[in-house]
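Colleague: What follows is the residue order along each chain.
There are 2 protein chains.
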Amino acid sequence: MRSVSIIGMGTTNFGILEGMSIKAMAARACNRAIMDAGIDRKDIQAFYLGNYIGGILVGQETLAPVVACELGLNKTTACTKVEGACCSAGIALRQGYLLIALGFYDFVLVGGVEKMSSASTAKNTEALAAGMDKDMEGYTGLTFPGYFGLVAQRHMYEYGTTIEQIGMVSVKNRKNAVKNPRARFQKETSLEQVLNSRMITDPLKLFDCCPISDGGAAAVLCPTEIARNFTDKPIEILGSGHGLGMSTSYAMEGPSCTATVFAAKEAFEMAGVKPSNVDVAEIHDCFTIAEIVDSEDIGFFERGKGGPAVEEGLTQVDGKIPINTSGGLLSKGHPVGATGLGQVYEVSRQLKGEHENQVKDAEIGLAMNLGASGLVSTVTILKRS
Amino acid sequence: MRSVSIIGMGTTNFGILEGMSIKAMAARACNRAIMDAGIDRKDIQAFYLGNYIGGILVGQETLAPVVACELGLNKTTACTKVEGACCSAGIALRQGYLLIALGFYDFVLVGGVEKMSSASTAKNTEALAAGMDKDMEGYTGLTFPGYFGLVAQRHMYEYGTTIEQIGMVSVKNRKNAVKNPRARFQKETSLEQVLNSRMITDPLKLFDCCPISDGGAAAVLCPTEIARNFTDKPIEILGSGHGLGMSTSYAMEGPSCTATVFAAKEAFEMAGVKPSNVDVAEIHDCFTIAEIVDSEDIGFFERGKGGPAVEEGLTQVDGKIPINTSGGLLSKGHPVGATGLGQVYEVSRQLKGEHENQVKDAEIGLAMNLGASGLVSTVTILKRS
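As given, the protein sequences belong to chains A and B, one line each in that order. Position in the first sequence (first residue = 1) + 94 = the numbering used here. Position in the second sequence (first residue = 1) + 94 = the numbering used here.
Be aware that one or more of the hints could be misleading.
All copies of an identical chain are treated as equivalent in the list; a pair is satisfied when it fits inside any one copy or across any two copies.
What the hints assert, rightly or not - Below, a list of computed lysine-lysine pairs in the BS3-like style, where the Cα atoms sit at most 27 Å apart: (1) K217 x K228; (2) K228 x K136; (3) K169 x K399; (4) K169 x K454; (5) K414 x K359; (6) K368 x K273; (7) K169 x K217; (8) K228 x K446.
Read the hints as simulated data drawn from the structure, not as lab findings.
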């Protein structure tokens with residue numbers, strides 16, 4: 095397989111993008127990525143666009159060709175929307191990566207987008223629950239806040255993880271977001287504020303939950319051997335993993351998400367590196383507890399040690415493994431179909447040495463994107479070149 | 095690139111599958127395909143599932159991992175839902191084909207599914223319109239029946255295609271469906287009945303429109319070099335094309351769908367065959383006029399000659415190029431996310447010599463799947479081996 099690199103990235107701000115259609119958001123992110131790469135858009139051979147609930151919330155499907163027409167891509171461009179709940183953009187990236195690595199394409203545009211703020215919180219909660227198995231979880235009335243509440247309960251029961259440790263994820267990520275102009279919330283919060291915020295699903299409070307947001311993110315990929323024709327700072331994709339979980343097992347077995355365990359294993363094997371080699375990571379903190387479980391599933395910490403790691407500051411910008419230096423989904427916002435590439439955008443800035451919360455000498459980065467009740471996960475390992 | 099073959103296929107009947115969830119339909123088709131292939135399901139490395147409006151109509155997204163759990167696939171299986179309107183299953187097949195052809199996977203399951211009958215016709219019409227560009231076509235209030243009415247008007251204006259020629263597509267396809275137990279309608283219709291049926295969008299009448307239906311279809315793919323370990327009748331995929339159109343141009347420029355023209359060109363070049371080499375074809379007759387335009391875009395007939403070709407009987411089972419010997423979408427039904435693989439199922443039966451309307455010595459077949467207002471198209475060329 096050929097080495098593949100990112101030669102351009104683009105993103106909208108994440109937040110409430112009033113007056114922009116979902117097509118416009120995707121097109122803005124993609125246009126920025128294309129301009130950042132400096133390629134002729136007519137050279138793009140395929141376009142994979144991640145989106146999760148655009149059909150339900152704004153009645154727009156077939157987004158990849160619709161956006162491609164807006165972008166003025168070539169008529170021979172193979173355009174595909176991919177969906178895997180909140181993991182949709184991570185999957186889009188992987189399709190493009192594989193087809194370049196295997197020598198079929200030379201230039202692929204990958205993106206992700208979601209427009210959520212035009213719908214009510216109730217409608218969003220209902221739409222997001224479409225990622226659950228309707229025949230099983232759906233009948234129980236489970237929603238994602240309820241689900242991650244169960245995950246937190248189980249983690250506390252199994253490992254003695256404390257409510258304070260869980261809340262500290264929010265404090266850390268909100269602090270990181272202060273300097274990030276792309277983040278929706280750019281304001282610090284105290285542990286006391288987190289713990290005293292409104293209860294959502296016991297033990298998760300309001301500040302343990304990411305905000306519903308709009309946004310788009312995109313990247314242009316090409317073979318590494320020609321990447322320097324387009325940029326001085328290509329970001330090499332060292333490995334890409336994609337795993338399958340089992341609905342409900344996330345909360346019930348461990349708690350651990352087998353999809354993430356498998357995706358991380360696949361990505362690390364492809365990359366030839368270990369978790370201890372990673373200098374900076376953006377991982378899926380849709381809820382505070384998710385970051386803790388993710389950090390164990392990836393292998394940054396032993397099972398049950400994710401909570402104490404946060405408390406000891408190991409995941410802060412100057413810690414052993416800085417996690418979510420962007421502010422994470424908790425502060426940046428979580429436009430679900432865009433998040434996977436939003437994460438890659440932030441990791442890439444770190445590896446280029448251009449991040450607002452720069453990790454010194456960051457060379458190897460990781461982005462991890464989770465979907466549904468642990469049903470699907472992607473892990474991408476990136477390297478500055 | 096390695097040669098790739100289909101070693102197993104499965105389908106539900108297409109029609110009104112009351113009491114079956116969308117997950118159950120997909121799982122039934124996939125289980126049949128896996129059993130037909132005779133492989134160990136734990137050997138499946140990736141699963142691509144096409145679905146279009148499951149989010150809007152039945153509130154189920156993330157279908158690929160949800161169905162994979164039901165099937166008991168391995169935890170390392172990369173599961174992705176792909177969407178490109180009515181072309182979703184054609185795209186799913188292409189992803190699997192490419193990743194085996196390029197040597198990344200050995201066994202891939204591809205499927206398509208849609209559950210439509212539980213929603214009203216009005217709700218289905220609204221849901222299907224999610225495939226149109228909301229910012230452009232959406233504002234006009236255009237729906238697909240309206241859209242294909244425009245296509246028909248334009249074809250009649252440009253080429254003198256007659257309303258009788260258009261209606262004859264329905265007569266032919268309904269006749270073909272009589273012997274097909276998988277079809278929703280298994281009853282002949284006369285040209286008089288078609289022409290006298292209720293007006294939907296001038297000049298298209300009720301019998302010019304495919305019925306809203308439920309269904310699932312699936313296939314198991316592997317490298318051709320090991321295909322005979324699993325079946326005596328593997329079906330080789332000679333070529334696969336995927337093109338991008340422009341919304342509204344289908345009706346306005348020609349009328350022709352550039353997505354189909356490009357997809358056919360790509361598929362024929364990969365396959366090293368010409369339209370005249372094709373012995374049997376299933377092409378996208380969501381409306382009668384679509385079959386005529388498709389047949390020209392693929393290159394079976396010169397521009398404007400698709401109408402007379404139907405009148406002359408060239409597309410009948412014993413004609414020059416038998417088209418939709420299954421009865422087509424017009425008779426089989428059109429569960430939109432499943433149709434692409436439903437077509438491949440029918441072509442494969444022909445190439446195995448097992449079809450109810452067997453075309454003598456059929457060796458090379460073609461399946462062509464169209465999405466939205468001509469925005470996306472896939473063409474697959476198949477060969478008995």
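Colleague: Each hint should be assessed against the structure and marked as holding or not.
Modeller: Results for each hint:
Both within a single protomer and between protomers do K217 and K228 lie at most 27 Å apart by alpha-carbon distance, with minima of 16 Å and 20 Å respectively. In this homomeric assembly, K228 and K136 come within 27 Å of each other (Cα to Cα) only across copies, at 24 Å, whereas the closest approach inside a single copy is 41 Å. In this assembly of identical chains, the alpha carbons of K169 and K399 lie at most 27 Å apart only when taken from different copies (24 Å versus 51 Å within one copy). Taking the closest pair of Cα atoms, K169 and K454 never come within 27 Å of each other, the shortest separation being 44 Å inside a single copy and 36 Å across copies.
When the C-alpha separation of K414 and K359 is checked against a cutoff of 27 Å, the pair qualifies only within one copy, where the shortest distance is 21 Å, while the shortest distance between copies is 54 Å. For the identical chains of this complex, K368 and K273 are neighbours neither inside a copy (30 Å) nor across copies (60 Å), given an alpha-carbon limit of 27 Å. Proximity of K169 and K217 under a CA criterion of 27 Å is satisfied in neither setting, with 36 Å inside one chain copy and 31 Å between copies. Taking the shortest alpha-carbon separations for K228 and K446, neither the intra-copy value of 43 Å nor the inter-copy value of 38 Å comes in at or below 27 Å.
Figure legend: structure checked against the earlier numbered hints; hints not met, in rising order: 4, 6, 7 and 8.
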